[in-house]
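Trainee: Those protein sequence lines, which keep their order, are chains P and Y. According to UniProt numbering, the first sequence is numbered sequentially starting from 1. According to UniProt numbering, the second sequence is numbered sequentially starting from 1.
One or more hints might be untrue.
The list treats identical chains as interchangeable, and a pair is accepted whether it falls inside one copy or across any two copies.
Pairs of lysine to any residue residues, derived as SDA-like cross-links and limited to a Cα-Cα distance of at most 20 Å, are as follows [said to hold, decoys possible]:
{"#": "1", "residue 1": "Lys248", "residue 2": "Asn334"}
{"#": "2", "residue 1": "Lys69", "residue 2": "Asn99"}
{"#": "3", "residue 1": "Lys64", "residue 2": "Gln295"}
{"#": "4", "residue 1": "Lys4", "residue 2": "Gly246"}
{"#": "5", "residue 1": "Lys69", "residue 2": "Lys314"}
{"#": "6", "residue 1": "Lys192", "residue 2": "Ser158"}
{"#": "7", "residue 1": "Lys4", "residue 2": "Leu324"}
{"#": "8", "residue 1": "Lys82", "residue 2": "Glu180"}
Simulated from the structure, these hints should not be mistaken for lab results.
There are 2 protein chains.
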Amino acid sequence: MGMKNKITMLDVTLRDGSHSMRHAFTEQQVRDVARGLGKAGVPYFEVSHGDGLGGSSLQYGFSKVDELKLIAAAREEAGDSKISVLILPGIGIHEDLVNAANAGASMARVATHITEADVAKQHIELSRNLGLETVGFLMMAHMAPTSVLVEQAKKFESYGAEIVYVTDSAGALLPHEVSEKVRALRENVGCKVGFHAHNNLSLSMANTIAAVEAGAQFVDGSLRCLGAGSGNTQTEVMAAVFDRLGYKTGVDLFNIIDVANDVVAKFMPRPQEITGSSLFMGYAGVYSSFLLFTQEAAERYGVDEREILIRLGKMKAVGGQEDLIVEVAQQIANEQAVAK
Amino acid sequence: MGMKNKITMLDVTLRDGSHSMRHAFTEQQVRDVARGLGKAGVPYFEVSHGDGLGGSSLQYGFSKVDELKLIAAAREEAGDSKISVLILPGIGIHEDLVNAANAGASMARVATHITEADVAKQHIELSRNLGLETVGFLMMAHMAPTSVLVEQAKKFESYGAEIVYVTDSAGALLPHEVSEKVRALRENVGCKVGFHAHNNLSLSMANTIAAVEAGAQFVDGSLRCLGAGSGNTQTEVMAAVFDRLGYKTGVDLFNIIDVANDVVAKFMPRPQEITGSSLFMGYAGVYSSFLLFTQEAAERYGVDEREILIRLGKMKAVGGQEDLIVEVAQQIANEQAVAK
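For reference, chain P alone in the conformation it holds in the complex (with noise of 0.2 Å):
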């Protein structure tokens, strides 16, 4: 096969490991995981809270360590990897990237519901005005149609985001529905167009590939897959299989394999398996980050992880309703109570 287009790879260990990791990422690991992805001539990886900046609290979990501390020491690191951070407004505020910036971040995805860009105006035009690239990033993409899609895809542009994200953070979406959406927005917006896969249903690597061919130019990936729900697209698999397919990343295949297992492996608290839950979470369509309070609301109500994950997804609940969770374990429990 020929050489085909260059492609982007922007690795997320960092950030959505964080939620992984109970954002208990400490400095040193930050550090290692940086030089390595500096070493392997990663473009750009991420450094925020799970949630994004500002991420740090009761409602997303405490931060260990403070991000501005990590998002600097990774700077220290990076060697000519550049660093992103990830911003949702409504949790990340002004101060907060302004703070990432002279950190030494260089890129600010700033993330809304799929529905919902037009809260991301002032975030995106702040961001331009502190000299970072800026990307529009459009989480719960299974959630609306295309049309919807390109739709917000286009508020994103005219606010000036440079790049826009198909985030897919149910791992929800199925090979063909990513390459129509991925078309779509090529097709009718001028941004460039990214691709985030959560492997909740063991097609993070399918989807990427499907993006790929419909004509993303960036792409997520996760060390060992570190990440939310069953973890994202592997970064080092993905360097393999782009370059089997003749894609260029530039990306050293024996340094990005040294890095995951030498590093990340040692540090990770459990494997980013395909589980029951998680496996659901793709199948109802339900946020990816939902998944260690669904456990634990199950656990705490003595009911089926499963049946919450259900209900969820037929309440189309979002990032930020994470009460709602308890909320339905303890309906799920009262009506088998009263069943009983």
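Given chain P's structure and the hints, the job is docking chain Y onto it.
Mentor: Just chain Y now, with coordinates in the frame of chain P:
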């Protein structure tokens, strides 16, 4: 998406999983898995030593419990599910197949290297004479061009095979390659077509979808991916994905998740992650069951596993040549000693 064709799932947890278990399945484990698969309505599942009937040996690893005893136990628990056995000419003999049929097997899968179907003639004929549903299983399918695959499949057909499998033993195939191979078999061979994946490149689900879309009627999976290398297509996830894609498998999703999580997850010795070495097997294209031997040899001789795997790939090493692994490791160690 409307209802598409019916596809037939075959679970290999109790055969390919034998590699990951170092062939130490207990009778209780086999009964529990068999009962769960039967309850979930999985139409076929396989029970044999990882290297097929008669594989229990010094070279391939001794089984903890005799496979005939395990087949009989599985048959007692399996309900309406049918039991298949794997047999490799040169390892399994005439008597093994007769005994397996007597113990309750109703399908035999006769496996050869992609270029060696002609060694399977007697086994295929015997299987038909025993009244077993008979499959030709072409391993290491990435090692020969599609024209050779078709020619070898036609041999299987001429011997009496009813189904022929494209078997990606090394987890090295890419989705477009799977499509091409399966489509060529559907167009040129009268047998039904099956596909068996390994997840070394995180493509098992992508490849399984590609196979079905190209016309495959049988697809293999294993619970929690339990199998050689990074394991197989995850059975319970496959059931969910094909449901979402509109194919009919007849498998109950809650029940199949239960046996995966409540039974298999509890006895797995380690998660089926994609490690550096299993990734490299897929990338270099070497035999999945080489994994543990390669790790042992790398450790023993103090060399990089990946160097061993790349050389084995270049040598086109095949199953049965496990001795080569140690030779290659020694050779690399010697070269490194000279270089120092």
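Trainee: Now, for every hint given, state plainly whether the structure supports it.
Mentor: Hints, one by one, checked against the model:
With identical chains, the CA atoms of Lys248 and Asn334 are never at most 20 Å apart, being 55 Å at best within one copy and 34 Å at best between copies. Within a single copy, Lys69 and Asn99 get their C-alpha atoms as close as 10 Å, which meets the 20 Å cut-off; across copies the closest is 66 Å, which misses it. When the C-alpha separation of Lys64 and Gln295 is checked against a cutoff of 20 Å, the pair qualifies neither within a copy, at 22 Å, nor between copies, at 36 Å. Within a single copy, Lys4 and Gly246 get their C-alpha atoms as close as 6 Å, which meets the 20 Å cut-off; across copies the closest is 33 Å, which misses it.
When the C-alpha separation of Lys69 and Lys314 is checked against a cutoff of 20 Å, the pair qualifies neither within a copy, at 40 Å, nor between copies, at 46 Å. Only within a single protomer do Lys192 and Ser158 lie at most 20 Å apart by alpha-carbon distance; the minimum there is 13 Å, versus 54 Å between protomers. For the homomeric pair Lys4 and Leu324, neither the shortest alpha-carbon distance inside one copy (46 Å) nor that between copies (36 Å) is at most 20 Å. Within a single copy, Lys82 and Glu180 get their C-alpha atoms no closer than 30 Å, and across copies no closer than 39 Å, so neither meets the 20 Å cut-off.
When held up to the earlier numbered hints, the structure conflicts with 1, 3, 5, 7 and 8 and fits the remainder.
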